[in-house]
Amino acid sequence: GEDVEQSLFLSVREGDSSVINCTYTDSSSTYLYWYKQEPGAGLQLLTYIFSNMDMKQDQRLTVLLNKKDKHLSLRIADTQTGDSAIYFCAEWAAGNKLTFGGGTRVLVKP
Amino acid sequence: DGGITQSPKYLFRKEGQNVTLSCEQNLNHDAMYWYRQDPGQGLRLIYYSQIVNDFQKGDIAEGYSVSREKKESFPLTVTSAQKNPTAFYLCASSMARSNEKLFFGSGTQLSVL
Chain E
14 GEDVEQSLFL SVREGDSSVI NCTYTDSSST YLYWYKQEPG AGLQLLTYIF
64 SNMDMKQDQR LTVLLNKKDK HLSLRIADTQ TGDSAIYFCA EWAAGNKLTF
114 GGGTRVLVKP
Chain G
77 DGGITQSPKY LFRKEGQNVT LSCEQNLNHD AMYWYRQDPG QGLRLIYYSQ
127 IVNDFQKGDI AEGYSVSREK KESFPLTVTS AQKNPTAFYL CASSMARSNE
177 KLFFGSGTQL SVL
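As given, the protein sequences belong to chains E and G, one line each in that order. Going from the first sequence to this note's numbering is simple: count from 1 and add 13. Going from the second sequence to this note's numbering is simple: count from 1 and add 76.
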């Protein structure tokens, strides 16, 4: 079955880079996503990567995909206080199902 | 502005009562979804609908019901059979079931009195 795992918490200083990691088990994943959730709000799609890619960059965001190890990461460059939120990775796999990880709470300290 | 609107923001349920959460979208999306979020956990799929007048159970459908009479609307009823309803409920939509980019509403926090 599908399983998506993330670490629970990440603390980072303002201006540093943040790296949020995610592992998944379903080798039939076609797309992998990163969503951001601010307190009391819905999820906002940040970026996504197709499974035949190994890297995607979008302004301050860099997504790395290691399909062999089933490992996905999101790097946020020059982390700002507004980046404090919960970040969810999600995979879309065979069976047309989107499976979310448990979320990583990122705290940016000034 | 196009988007997804959930109401109310906060809802309280008495024991034995059914409550209905509203979800409306003006994005002209075919597919709509309901997720439940518990603290420190990921999102779990309750129900989804690919087209009007059709919906499917997700992973945790017991104690919930939905309808899809209009493309724009996908209300969720939390019935008295749902014994642990306290959670944050998120509605989402996408252009089609095969299009995986979900757009989310701002959520409804349901609590039991």
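Just so you know, the hints here were simulated from the structure itself, not pulled from any lab data. Hints may be right or wrong, so weigh each one.
What the hints assert, rightly or not - Result set (SDA-like, lysine to any residue): computed pairs, CA atoms no more than 20 Å apart in a straight line:
| no. | chain 1 | residue 1 | chain 2 | residue 2 |
| --- | --- | --- | --- | --- |
| 1 | E | K49 | G | K133 |
| 2 | E | K110 | G | R120 |
| 3 | E | K110 | G | Q185 |
| 4 | E | K110 | G | K177 |
| 5 | E | K83 | G | K85 |
| 6 | G | K177 | E | T60 |
| 7 | G | K177 | G | K85 |
| 8 | G | K177 | E | L59 |
| 9 | G | K177 | E | E27 |
| 10 | E | K69 | G | A172 |
| 11 | G | K177 | E | D82 |
| 12 | G | K133 | G | G116 |
| 13 | E | K122 | G | Q185 |
| 14 | G | K177 | E | V25 |
| 15 | G | K85 | E | T75 |
| 16 | E | K80 | G | F179 |
| 17 | E | K110 | G | T81 |
| 18 | E | K110 | G | A172 |
| 19 | G | K85 | E | Q70 |
| 20 | G | K177 | E | L77 |
Claimed, not checked - Which residues of chain E face chain G? A few of them, derived with a C-beta cut under 8 Å, are:
| no. | residue |
| --- | --- |
| 21 | F22 |
| 22 | P52 |
| 23 | L56 |
| 24 | F63 |
| 25 | A90 |
| 26 | G114 |
| 27 | G115 |
Note that the Cβ used here is the ideal one computed from N, Cα and C, for glycine as well.
Here's how the hints hold up against the structure:
A C-alpha spacing of about 26 Å is found between K49/E and K133/G, which places the hinted pair above 20 Å, so the restraint is violated. The straight-line distance between the Cα atoms of K110/E and R120/G is roughly 11 Å, inside the 20 Å bound, and the hint therefore holds. With a C-alpha separation of about 25 Å, the suggested pairing of K110/E with Q185/G is violated against the 20 Å cut-off. The hinted pair formed by K110/E and K177/G meets the criterion: a straight-line CA distance of about 12 Å does not exceed 20 Å.
The straight-line distance between the Cα atoms of K83/E and K85/G is roughly 37 Å, outside the 20 Å bound, and the hint therefore fails. Between K177/G and T60/E, the direct Cα distance comes to roughly 10 Å. Compliance with the 20 Å bound is thereby established for this hinted pair. Note on K177/G and K85/G: the hinted pairing is violated, with a Cα-Cα distance of about 24 Å set against a maximum of 20 Å. In summary, the hint linking K177/G to L59/E is supported, as the alpha carbons are separated by about 10 Å, within the 20 Å threshold.
Only pairs whose Cα atoms come within 20 Å are accepted, and K177/G paired with E27/E is rejected, the gap being roughly 30 Å. Between K69/E and A172/G the alpha-carbon distance is near 24 Å, which puts this suggested pair outside the 20 Å criterion. Among the hinted pairs, K177/G with D82/E is inconsistent with the structure: their alpha-carbon atoms are about 24 Å apart, more than 20 Å. Distance check on the hinted pair: K133/G and G116/G sit about 24 Å apart at the alpha-carbon level, beyond 20 Å; violated.
Taken as a hint, the K122/E and Q185/G pair is broken in the structure, with Cα atoms around 28 Å apart against an allowance of 20 Å. Distance hint between K177/G and V25/E is unfulfilled; the C-alpha atoms sit about 28 Å from each other, more than 20 Å. For a cut-off of 20 Å, the pair hint linking K85/G to T75/E is broken: about 33 Å separates their Cα positions. Simply put, K80/E and F179/G have alpha-carbon atoms about 26 Å apart, too far for the 20 Å limit, and the pair is violated.
A hinted pair counts as satisfied when its Cα atoms are at most 20 Å apart, and K110/E with T81/G does not qualify at roughly 23 Å. With a C-alpha separation of about 13 Å, the suggested pairing of K110/E with A172/G holds against the 20 Å cut-off. For the hint linking K85/G to Q70/E, the alpha-carbon distance of about 35 Å lies beyond 20 Å, and the restraint is violated. At most 20 Å may separate the alpha-carbon atoms for a hinted pair to count; K177/G and L77/E meet this at roughly 19 Å.
Taking 8 Å as the C-beta contact cut-off toward chain G, the hint placing F22/E at the interface is violated, the least distance being around 10 Å. With 8 Å as the threshold, the beta carbon of P52/E stays out of range of chain G, its nearest partner Cβ sitting at about 11 Å, so the hint is violated. The interface hint given for L56/E is met, as the beta carbon of that residue sits about 5 Å from the closest beta carbon of chain G, less than 8 Å. Because the beta carbon of F63/E sits about 11 Å from the nearest beta carbon in chain G, more than 8 Å, this interface hint is broken.
With a cut of 8 Å, the hint placing A90/E at the interface with chain G is violated, because the nearest CB-to-CB distance is about 24 Å. With a cut of 8 Å, the hint placing G114/E at the interface with chain G holds, because the nearest CB-to-CB distance is about 5 Å. Checking G115/E against chain G: minimum C-beta separation of about 5 Å stays under 8 Å; hint holds.
In summary, the structure is inconsistent with hints 1, 3, 5, 7, 9, 10, 11, 12, 13, 14, 15, 16, 17, 19, 21, 22, 24 and 25 from the numbered list given earlier, while agreeing with the others.
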